[in-house]
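J.: Join these two chains into a complex; the hints should help.
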Amino acid sequence: MTHNQSHFEKLYHEYKTLVYTMALHYLQNVEDAEEVTQDVFVKIYHSLDSFNRKSSYKTWIYRITINQSLDFIKKKNSQKRFFVFGKKSQNELEYLNATNFEHPGILMEHQEEAKILFEVINTLTENQKTAFLLSKLDGLSNPEIAEIMQLSISSVESLIFRGKQTLKERLATKFETYHKKK
Amino acid sequence: MSMEKENWIENIINSSNGITSVAPNANLFSKIQRKIKEQETISLKTLWLVAASIAVLILLNISVIDFKSKQTQSATTAYLEMTVNKSNQLYQ
Numbered sequence: 001m002t003h004n005q006s007h008f009e010k011l012y013h014e015y016k017t018l019v020y021t022m023a024l025h026y027l028q029n030v031e032d033a034e035e036v037t038q039d040v041f042v043k044i045y046h047s048l049d050s051f052n053r054k055s056s057y058k059t060w061i062y063r064i065t066i067n068q069s070l071d072f073i074k075k076k077n078s079q080k081r082f083f084v085f086g087k088k089s090q091n092e093l094e095y096l097n098a099t100n101f102e103h104p105g106i107l108m109e110h111q112e113e114a115k116i117l118f119e120v121i122n123t124l125t126e127n128q129k130t131a132f133l134l135s136k137l138d139g140l141s142n143p144e145i146a147e148i149m150q151l152s153i154s155s156v157e158s159l160i161f162r163g164k165q166t167l168k169e170r171l172a173t174k175f176e177t178y179h180k181k182k
Numbered sequence: 001m002s003m004e005k006e007n008w009i010e011n012i013i014n015s016s017n018g019i020t021s022v023a024p025n026a027n028l029f030s031k032i033q034r035k036i037k038e039q040e041t042i043s044l045k046t047l048w049l050v051a052a053s054i055a056v057l058i059l060l061n062i063s064v065i066d067f068k069s070k071q072t073q074s075a076t077t078a079y080l081e082m083t084v085n086k087s088n089q090l091y092q
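Going line by line, the protein sequences match chains W and S. What the first sequence shows, in my numbering, is residues 1 to 182, in sequence order. What the second sequence shows, in my numbering, is residues 1 to 92, in sequence order.
No lab work stands behind these hints, which were simulated from the structure alone. Hints are not guaranteed to be accurate.
Claimed, not checked - Cross-link-like lysine-lysine pairs, in silico, PhoX-like; alpha carbons within 25 Å at most:
| hint | chain 1 | residue 1 | chain 2 | residue 2 |
| --- | --- | --- | --- | --- |
| 1 | W | K74 | W | K16 |
| 2 | W | K43 | S | K35 |
| 3 | W | K43 | S | K45 |
| 4 | S | K31 | W | K10 |
| 5 | W | K136 | W | K180 |
| 6 | W | K43 | W | K54 |
| 7 | W | K54 | W | K75 |
| 8 | S | K35 | W | K76 |
| 9 | S | K35 | S | K45 |
| 10 | W | K58 | W | K115 |
| 11 | W | K115 | S | K5 |
| 12 | W | K16 | W | K75 |
| 13 | S | K31 | W | K43 |
| 14 | W | K58 | S | K45 |
| 15 | S | K37 | W | K16 |
| 16 | W | K136 | W | K74 |
| 17 | S | K35 | W | K10 |
| 18 | W | K168 | S | K5 |
| 19 | S | K45 | S | K31 |
| 20 | S | K5 | W | K180 |
| 21 | S | K5 | W | K16 |
| 22 | W | K164 | S | K31 |
| 23 | W | K174 | S | K31 |
| 24 | W | K75 | S | K5 |
| 25 | S | K37 | W | K43 |
| 26 | W | K76 | W | K54 |
| 27 | W | K115 | W | K75 |
| 28 | S | K45 | W | K74 |
| 29 | W | K58 | S | K31 |
| 30 | S | K31 | W | K74 |
| 31 | S | K5 | W | K136 |
| 32 | W | K174 | S | K5 |
| 33 | S | K37 | W | K10 |
| 34 | W | K75 | S | K31 |
| 35 | S | K31 | W | K16 |
| 36 | S | K31 | W | K76 |
| 37 | W | K164 | W | K74 |
It should be emphasised that the depicted structure is a prediction, and the values quoted were computed from it without experimental measurement.
With the rest of the complex left out, here is chain S (with noise of 0.2 Å):
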């Protein structure tokens, strides 16, 4: 390696000597507190939303057991009364 490109990549690494830590801007504190308190707000909402969308759920299921039970129940009684009136034939 010559001595030119060994003096340049020399002169390259150490130009990081000396570098110094820095002290981020004045107002990002308030920026992180309002993200953290905008967080807090959507996962309120968040919240509530999963809320309404369970309790939607569980209503729909109950419906469509209330109406499948009724539905049962009025076949039966068909059922029955067939087979009633059927026994009751006395001319056939």
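The following block holds chain W by itself, in its conformation from the complex (with noise of 0.2 Å):
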């Protein structure tokens, strides 16, 4: 076994629960998560090399991984519109409507309200929604956030704080479309 290769193992098993963890926050399917977490990795193995350490291995694999998640909804998106002929869309909701809402980390009680929370948060803009992701679910700090998203702290704060406010306005137009079926 080369160094790359023994180093590249132990990258894999120091950070797969983290790359796995945060594609299933994105795509909320165990399976393209699982997918994408190959897409990662095989990215990292070919870019060991060329890695300048200006950033920790963390940061960097974070970064990787929110770009795999978001070119990966952007390409089923795609392939979608490839076939049915339709427009381009602003969010990634064509994709992730079509999926079923799988997520082994939420607890078993709280799924039902789980899928409708992710229902709303795939709706935020791709910045709004990494910060809110990498925020609430991940539990990082806004300086740790900062740096993985390479945005201010300010910047970051704002995101999460907005963010935060049109989840609540979506989830209150949805409270009274649920009371209308009811």
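T.: So, in structure tokens, the structure goes:
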């Protein structure tokens, strides 16, 4: 086993849970999260030599995971558009609405409510969604999020604030529809 | 906002409380290693294909240049022969 390979294996065992969980937050589908995790580690393997160590491995791996997840959603949406000849959408809703909600990290008794929560999270802009997921679900601090997203701390604060506001507003609209149905 | 609505929203937002990290399938690492190996074989194949295409292109270029130069040579010889013949016309 070469030095590079053993280093890669060590990184895999250290970060596999972080990558897989983050992919699950984005995609809410076990199979797709596994595919993204595979792609992330293949990318890490090929970029290991060029990693410049300006940031920590954790930050670097977070960035790769976020980009791979967003690219995966875009790819799935464009595949779908290719077959239906539809127009380009503004967010990730097309693909995410089509997949069944699966998140093994959510407590069994919260699955139904969490499905509604993620439906609304998926309507946020890419940056709002990323900041919200890293802050609320991964429990990272604002400076850590700022480093990952390569933004200032104040920008992250405002993204999280606006994300929460939008989330509450859209949940309020959802509440009305749910009650009308009842 | 009514109390009921506020409670409902809070309930939904708090549904992510207690979320846990999830480890991927145990055989994922072998899948990743297989994918890396596959990509390496593919890239080696691509490398050979590219090298072969370049070689074919070079050969084609050489043969075209060779053919062209032979054509120019014969044209020059023909022209020379013509001019020589013309200048040697003793009875015009």
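J.: A separate judgement is required for each hint: does it hold in the structure or not?
T.: These are the hints, each one checked on the structure:
1. For the proposed pair K74 (chain W) and K16 (chain W), the alpha carbon gap of about 23 Å is at most 25 Å, so the pair holds.
2. A distance of roughly 11 Å separates the Cα atoms of K43 (chain W) and K35 (chain S); the hinted pair therefore holds under the 25 Å criterion.
3. Of the supplied pair hints, the one linking K43 (chain W) and K45 (chain S) holds, its CA atoms being roughly 20 Å apart against a limit of 25 Å.
4. With a C-alpha separation of about 16 Å, the suggested pairing of K31 (chain S) with K10 (chain W) holds against the 25 Å cut-off.
5. Among the hinted pairs, K136 (chain W) with K180 (chain W) is inconsistent with the structure: their alpha-carbon atoms are about 30 Å apart, more than 25 Å.
6. For a cut-off of 25 Å, the pair hint linking K43 (chain W) to K54 (chain W) stands: about 18 Å separates their Cα positions.
7. The hinted pair formed by K54 (chain W) and K75 (chain W) fails the criterion: a straight-line CA distance of about 30 Å is larger than 25 Å.
8. A threshold of 25 Å between alpha carbons decides the hint, and for K35 (chain S) with K76 (chain W) the separation of about 20 Å falls inside it, so the pair holds.
9. Note on K35 (chain S) and K45 (chain S): the hinted pairing holds, with a Cα-Cα distance of about 15 Å set against a maximum of 25 Å.
10. The straight-line distance between the Cα atoms of K58 (chain W) and K115 (chain W) is roughly 28 Å, outside the 25 Å bound, and the hint therefore fails.
11. Note on K115 (chain W) and K5 (chain S): the hinted pairing holds, with a Cα-Cα distance of about 18 Å set against a maximum of 25 Å.
12. Under the criterion of a C-alpha separation no larger than 25 Å, the hint pairing K16 (chain W) with K75 (chain W) is consistent with the structure, at around 23 Å.
13. A hinted pair counts as satisfied when its Cα atoms are at most 25 Å apart, and K31 (chain S) with K43 (chain W) qualifies at roughly 14 Å.
14. Restraint check for K58 (chain W) and K45 (chain S): the C-alpha separation of about 34 Å exceeds 25 Å, so the hint is violated.
15. A distance of roughly 19 Å separates the Cα atoms of K37 (chain S) and K16 (chain W); the hinted pair therefore holds under the 25 Å criterion.
16. Among the hinted pairs, K136 (chain W) with K74 (chain W) is consistent with the structure: their alpha-carbon atoms are about 24 Å apart, no more than 25 Å.
17. Restraint check for K35 (chain S) and K10 (chain W): satisfied, since their Cα atoms lie roughly 18 Å apart, inside the 25 Å limit.
18. Using a Cα cut-off of 25 Å, the hinted pair K168 (chain W) and K5 (chain S) holds, with the two alpha carbons roughly 10 Å apart.
19. Only pairs whose Cα atoms come within 25 Å are accepted, and K45 (chain S) paired with K31 (chain S) is accepted, the gap being roughly 21 Å.
20. Restraint check for K5 (chain S) and K180 (chain W): the C-alpha separation of about 13 Å stays at or below 25 Å, so the hint holds.
21. Distance check on the hinted pair: K5 (chain S) and K16 (chain W) sit about 39 Å apart at the alpha-carbon level, beyond 25 Å; violated.
22. Restraint check: the Cα-Cα separation between K164 (chain W) and K31 (chain S) comes to about 38 Å, which exceeds 25 Å; the hinted pair is violated.
23. Annotation: proposed proximity of K174 (chain W) to K31 (chain S) is violated, straight-line Cα distance about 41 Å (limit 25 Å).
24. Between K75 (chain W) and K5 (chain S) the CA atoms are separated by roughly 37 Å; this puts the pair beyond 25 Å, and the hint is violated.
25. Restraint check for K37 (chain S) and K43 (chain W): the C-alpha separation of about 13 Å stays at or below 25 Å, so the hint holds.
26. The hinted pair formed by K76 (chain W) and K54 (chain W) fails the criterion: a straight-line CA distance of about 32 Å is larger than 25 Å.
27. The suggested pairing of K115 (chain W) with K75 (chain W) holds, with an alpha-carbon distance near 23 Å, which does not exceed 25 Å.
28. Our distance criterion of 25 Å between C-alpha atoms is broken by K45 (chain S) and K74 (chain W), whose separation comes to about 29 Å.
29. This hinted pair checks out: K58 (chain W) and K31 (chain S) have alpha carbons roughly 22 Å apart, not beyond 25 Å.
30. Proximity of K31 (chain S) to K74 (chain W) is assessed by CA-CA distance (about 24 Å); at most 25 Å being required, the pair is judged to hold.
31. At roughly 22 Å between alpha-carbon atoms, K5 (chain S) and K136 (chain W) fall within 25 Å of each other, so this suggested pair holds.
32. Taken as a hint, the K174 (chain W) and K5 (chain S) pair is honoured in the structure, with Cα atoms around 10 Å apart against an allowance of 25 Å.
33. Distance restraint check for K37 (chain S) and K10 (chain W): the Cα-Cα separation of roughly 18 Å lies within the 25 Å cut-off, and the hinted pair is therefore satisfied.
34. Restraint check for K75 (chain W) and K31 (chain S): the C-alpha separation of about 22 Å stays at or below 25 Å, so the hint holds.
35. For the proposed pair K31 (chain S) and K16 (chain W), the alpha carbon gap of about 13 Å is at most 25 Å, so the pair holds.
36. For the given pair, K31 (chain S) sits about 22 Å from K76 (chain W) by alpha-carbon distance, which is consistent with the 25 Å threshold.
37. Restraint check: the Cα-Cα separation between K164 (chain W) and K74 (chain W) comes to about 24 Å, which is no more than 25 Å; the hinted pair holds.
Of the numbered hints listed earlier, those contradicted by the structure are 5, 7, 10, 14, 21, 22, 23, 24, 26, 28.
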